[in-house]
Amino acid sequence: MDTDKDRKVKDTGRKKLAVVLFGERVSPYFGSSSKVLLVESEGDTIHEKRVRDLEGETPLELAKRLAALEIDLLVCGGIQRPLREWLESRGICVIENQKGQAEDLARDALNASRSKHNA
Amino acid sequence: MKKKPLKKQAQTGQEGSRGFPLCGEALPLRSPCCAIMDSISDGVFTIDHSKRITNFNRAAEEITGFSADDAVGQYCFDVFRADICERHCALQETLSGGRPEINLQARIITREGIEKPISISTAVLKDEKGNIIGGVETFRDLSELEDLRRQVSRGYTREDIVGTHALMKEILSFLPDIAESESPVLIEGPTGSGKELIARAIHNQSPRREKPFIPVNCAALPDTLLESELFGYVKGAFTGALRDKPGRFLSAHGGTLFLDEISNTSTLFQADLLRVLQDGEFTPLGGTKPRRADVRVVAASNIALSTLVHKDRFREDLYYRLNVVRIALPALRERRLDIPLLVEHFIHKLNLKKARDIRGVSPDVMNLLLAHPFPGNVRELENIIEYAFITCKGHMIHKEHLPADLIEESMNRDDRISQQELSESDRIRAVLLDNHGNRIEAARSLNMSRTTLWRKMRRYGIDDPRNET
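In order, the protein sequence lines correspond to chains W and R.
The C-terminal residue of the first sequence carries number 130 in this note's numbering, and the numbering is unbroken.
The C-terminal residue of the second sequence carries number 814 in this note's numbering, and the numbering is unbroken.
None of these hints come from the bench; they were simulated from the model.
Fair warning: this is a prediction, and the values are worked out from it, not measured in the lab.
Every residue, glycine too, gets a C-beta built ideally from N, C-alpha and C.
Be careful, since some hints might not be right.
Taking CB as the label site, the calculated pair distances span [as the list claims (entries may be wrong)]:
(1) R:R701 to W:E59: 56 to 62 Å
(2) R:R701 to W:S126: 49 to 55 Å
(3) W:Q112 to R:K514: 33 to 39 Å
Use the sequences and the hints to build the structure in full.
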């Protein structure tokens, strides 16, 4: 269900990624925390990196806010299957069951995505 | 899940005076403690001061989906993944205060993304000198209990809707959006396809979930009764009206009103309903003062309402008022690959409800079910399984446990109905509907004799499609 805008973003290699946070680590339970690390990159360059509080009170609200941010990738720990499917149906690639430092995971996910894009 | 050897565990753990491990240290493989931990049905894990898991028993593996290999050495929150881990860590509070937590309710997300309700208890672990050296958490999977509670209260959610067919997946993926919106919903689908289940799931996921869900079967009541049932009446409105009755609209205030079989209402009633939907106001029978109710309407029909609009049997303005969000449920014969999943789902549900341990159906039963046309759709399948629970005394449902008419029908039929035959049954159904159930007219349209039509209807299990409720 790619829109023209989505295609343009993907074609130029621009990516918007979110990691749901628990302190500086990835949150183990999607919906427990509404703080996310947002990273925007193009090729090897990270244009922007910031932490935002999306203020979603329920896991679904958080998913909706993430979808509204038009992210391409979501890195998370545990995520409820219906929500993962809901996000994927909106063209968001969900990388679940992750653990560790959010920034490391973001970097790994962007590298993997870039390799896939270049392949 | 098969138990894997606890490779990461230390091989040199000691045991305390009461047989508990001296914590912070892992249980040695094949130790009596390890065997005891693995034999209990509650999940148990232990952590050291840095919150790293030191032991993880077999039940913990089964409940969380993570093997001991995956878990041991990791932070407990990364493996346990409970909604309380980040804000109210039970083990943390026990370790800092020294007080145990008992039966704390929480939810975890398993490795497969399944959300499970659990109850947690915690305690500190001490060495022989009384120093705190870690913590232990035991947890119990409450999923079955919650399933039972949901069945009793009919608090169905998306998880109760089973299906991997593309159409069902699409419906399910948009269900949260539909639930969140305040728009009226129209659910169309053949009899027994699960329209009320979808309606309840929408309500239970919506911001109105704490308020009532009121179902009304419009086909079950004549117009006048339906009007008084929905809008209520005042004392003295008619003989026997001894006191005011609020009506379903008012009862559903703040919640959802589910109008099932809306296609069966008269155009006169439809006009009244349209007024309520437009103004949000209605006047109880015999009353003069209009009342107001904040209600979300979800309507359902087993016939496509647009067809009825074309035939002037349904008001076009009401149709557009209801048809803001439309969900079209497929017939079970259009999603045959979901039959094994549904069979498993109903067996699980009935095992819980009836405290039984039926493990499945035999291959010949599954073949028979896959070939059956299911005019009654998912409800018919559920009834077949429920019947088999009465006749089956063992752990496996065999052919002899199925209803006799189903067996007879399958014997009269070839082992499998071909795709061509399925299309023919659909066509017969559609033509009968177009001809208001008139078999002579339908036979003429289908270019076959009346007896051939009758024979085919019997073969495909078609009654009068208008009566399929």
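Results of checking the hints against the structure:
With their beta carbons about 58 Å apart, R701 (chain R) and E59 (chain W) fall inside the hinted range of 56 to 62 Å. As the Cβ distance of R701 (chain R) to S126 (chain W) is approximately 52 Å, the hint placing it in 49 to 55 Å holds. A C-beta distance of roughly 35 Å is found between Q112 (chain W) and K514 (chain R), which places it inside the suggested range of 33 to 39 Å.
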